[in-house]
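Respectively, the protein sequence lines represent chains H and R.
Each residue of the first sequence is one higher than the last, beginning at 1396 in the numbering used here.
Each residue of the second sequence is one higher than the last, beginning at 1396 in the numbering used here.
FYI, nobody ran anything at the bench for these hints, they're computed from the structure.
Keep in mind that the hints are not guaranteed to be accurate.
[Claimed, not checked] Using 30 angstroms as the maximum straight-line C-alpha spacing, the simulated BS3-like pairs for lysine-lysine come out as follows:
| id | chain 1 | residue 1 | chain 2 | residue 2 |
| --- | --- | --- | --- | --- |
| 1 | R | Lys-1400 | R | Lys-1797 |
| 2 | H | Lys-1572 | R | Lys-1397 |
| 3 | H | Lys-1647 | H | Lys-1572 |
| 4 | R | Lys-1404 | H | Lys-1567 |
| 5 | R | Lys-1397 | H | Lys-1579 |
| 6 | H | Lys-1567 | H | Lys-1682 |
| 7 | R | Lys-1485 | H | Lys-1495 |
| 8 | R | Lys-1682 | H | Lys-1400 |
| 9 | R | Lys-1404 | R | Lys-1416 |
| 10 | H | Lys-1542 | H | Lys-1561 |
Protein chains: 2
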Amino acid sequence: MKQSKLFTKTRREAPSDEVAKNAQLLVRAGYIHKEMAGVYDFLPLGFRTLNKITQIIREEMNAIGGQELVMTALQDKELWSRTDRWDDDKVDNWFKTSFKSGGETGLAITHEEPLTRIMTEHISSYRDLPVYAYQFQNKFRNELRAKSGIMRGKEFLMKDLYSFSKDETEHKAFFEKARAAYMKIFERLGIGSQTYVTFASGGIFSEFSEEFQTVSDAGEDTIYVDDDKKIAVNKEVCTDETLTKLGLKKEKLAEKRAIEVGNIFNLGTRFSEPLGLLYTDETGARKPVVMGSYGIGPTRLMGAIVEVLADEKGLVWPESVAPFKYHLVSLGKSDDEISKTADAIYDDFAKAGIEVLYDDRDLRAGEKFADSDLIGIPKRIVVGKDAVATGVFEVIDRATGKTEKTSRAELFV
Amino acid sequence: MKQSKLFTKTRREAPSDEVAKNAQLLVRAGYIHKEMAGVYDFLPLGFRTLNKITQIIREEMNAIGGQELVMTALQDKELWSRTDRWDDDKVDNWFKTSFKSGGETGLAITHEEPLTRIMTEHISSYRDLPVYAYQFQNKFRNELRAKSGIMRGKEFLMKDLYSFSKDETEHKAFFEKARAAYMKIFERLGIGSQTYVTFASGGIFSEFSEEFQTVSDAGEDTIYVDDDKKIAVNKEVCTDETLTKLGLKKEKLAEKRAIEVGNIFNLGTRFSEPLGLLYTDETGARKPVVMGSYGIGPTRLMGAIVEVLADEKGLVWPESVAPFKYHLVSLGKSDDEISKTADAIYDDFAKAGIEVLYDDRDLRAGEKFADSDLIGIPKRIVVGKDAVATGVFEVIDRATGKTEKTSRAELFV
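Okay, chain H solo, but in the shape it has when bound (with noise of 0.2 angstroms):
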């Protein structure tokens, strides 16, 4: 797209009220605004990367037999009540409002009673398990404290998969693939080799969960991690009993802040026992469901690769997540040569169906580069006038800093 109908603009300076490095290069370059402390809107180049990052969640979902749909904000107090996590007592970030025509309703933190439910009218039988399902969801949570930008929001974007097998068994070889599935994933969004599958306390029916971390200084989590292993421990569960149990080594673990940016949790029975999910076996016999649930956020990734990645210039995308593939930055003015060339290399970008955002903007070359740099794109095609009078092209990598001199054709291969 042309960057002058692009209806967002850089700004210079961070906003005094973000301390989060995430939100500040964020806010700079135009990918979102804040309407409130931990509440986010994603602007057109924020919405675009943002899809990207869901679709290689889908991906990835569909590819281990993930069945997508989308389940509602507004939760019903009596169905929560039957698991005991409405009480505010309970659970103590709940968003509750009322109905005009009567009743107290909630706005979901998270999905596993609704879905639950859902399931007691379609699976009966051992023929119907295992089924997983999974959906890209607002979550709100009330939230004290809104420090960390766009990775720890009060309404914030989650994909949670949930898994219902027949026994452990099931679920086990569902819960491998879906570790795999998420450490893929987060190969795929360019920050696989900074993402540790880590022990954590287990909560529900299992002695350990297991979150992907993400080494930043940006994180609020503190783990041990093994880099032979690829394995880490949360210092939550970090005992010498925990260490034992899982065979590391003491002196083979190097300590680092880490964002969380997944987990999967092994749930047993929990909620398939209160609300009533039970299938009938081979024998007859009827058994409750065995549940698994794996949440990632797509808003809090965001801000994570932007927390490894970014550098003094501004944003640093992975092509797989950028807004656009290429910034083509045209230095003419209106009408001249450059201008021309520039204008017809975007339309062969357009006709090759290649992403590019063009810089067709009256201004001078220093502020297009600074804007280029902080928005991130990862490879900068500059048209100039040595361009179009040497016929070779300047691609710059955003990431490395590196130049590469190629002729137009080779452009658009």
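Go by the hints and put chain R onto chain H.
Relative to chain H, chain R alone:
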């Protein structure tokens, strides 16, 4: 996908608490699930159809220059107070709740206020105009009654585009374009011939607003249709004076019930003035931006398509929004020649990238056909003994009931 893997099951009877035809059929066919009155989940089949509807709308909004973004559900009380739309006396369908960190918030009923505020950071000169921005976002409306299924929800998906123009002339030119884009959307959704541009009460800064009304007995509105001119007038404004103004003759109008499937409004400077969205014109003068809003509800549209096109046997989808293009129904038992043929056809469809639901379940033919009618996929291909013996396949059109005979190779043309 294989129907044996699809987690939803159909049901013979509609739930007793659903009175609207759209909700009865969509629940029976496994497209949606009701959480509470006016609050519906979209299950895999419903999610696919909803996505196709949103994609058609997106393409038409992009074609008229729309830039997609996504704003939040949680709203800033202070902002809405500035336009005098926060008090329950002024707007009576807010869901309101509070932050644990202090202060009230509400769930977005619409998004004029937040988007206008965002634009104050990006629009300052006539050079920045016009701008067209849109989103697909859930709206929340605390309705007293909810009896129209997914056509009137307390939480529902909405596409809302807002236009920002220099003056009335620039605004009107876009308004016309948006009207044409809307009619194209209804055409593509298969309800074009039943849908009329309808003059309704204008509200803000213009005598009339324009609604798009789809004729159906399930509608909540009464309109008067001039079928030659393809326009209509909402009963609420259908006076002699209005008819004279619009050049319509009373005796040529037919009274119809209709569903409001979209609306477009002139907003004038109703929001730009109180929120300070001003620009500097060519002469250096500061002027308020002229705005318009353009709404269309994908969930309501999905309900409207059901109301208009479904028949006594179940849903009937136009190909453009059907969850799958083909329903491949095998009449074989596991591993017999019929099943093997059906499996091979399914694989060929997958390779060709054609969307197909494959009923590979071990059920009686009658049950499969009843399910197929209920689910409403446009074309059904039956693989039975005859087809395997002769190589001639029956393809049944769901809407017309007509059967075509075709060879296997021709299925993929």
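Now the hints, each set against the structure:
1. R:Lys-1400 / R:Lys-1797: holds (29 angstroms)
2. H:Lys-1572 / R:Lys-1397: Holds. H:Lys-1572 to R:Lys-1397 sits at ~21 angstroms (cutoff 30 angstroms).
3. H:Lys-1647 / H:Lys-1572: Cα-Cα ~28 angstroms, so holds.
4. R:Lys-1404 / H:Lys-1567: OK: R:Lys-1404 and H:Lys-1567 at ~26 angstroms, within 30 angstroms.
5. R:Lys-1397 / H:Lys-1579: Holds, at roughly 26 angstroms.
6. H:Lys-1567 / H:Lys-1682: Given pair H:Lys-1567, H:Lys-1682 holds - Cα atoms ~17 angstroms apart, limit 30 angstroms.
7. R:Lys-1485 / H:Lys-1495: Distance of about 15 angstroms is within 30 angstroms: holds.
8. R:Lys-1682 / H:Lys-1400: holds (21 angstroms)
9. R:Lys-1404 / R:Lys-1416: holds (19 angstroms)
10. H:Lys-1542 / H:Lys-1561: violated (42 angstroms)
In summary, the one numbered hint that this structure violates is 10.
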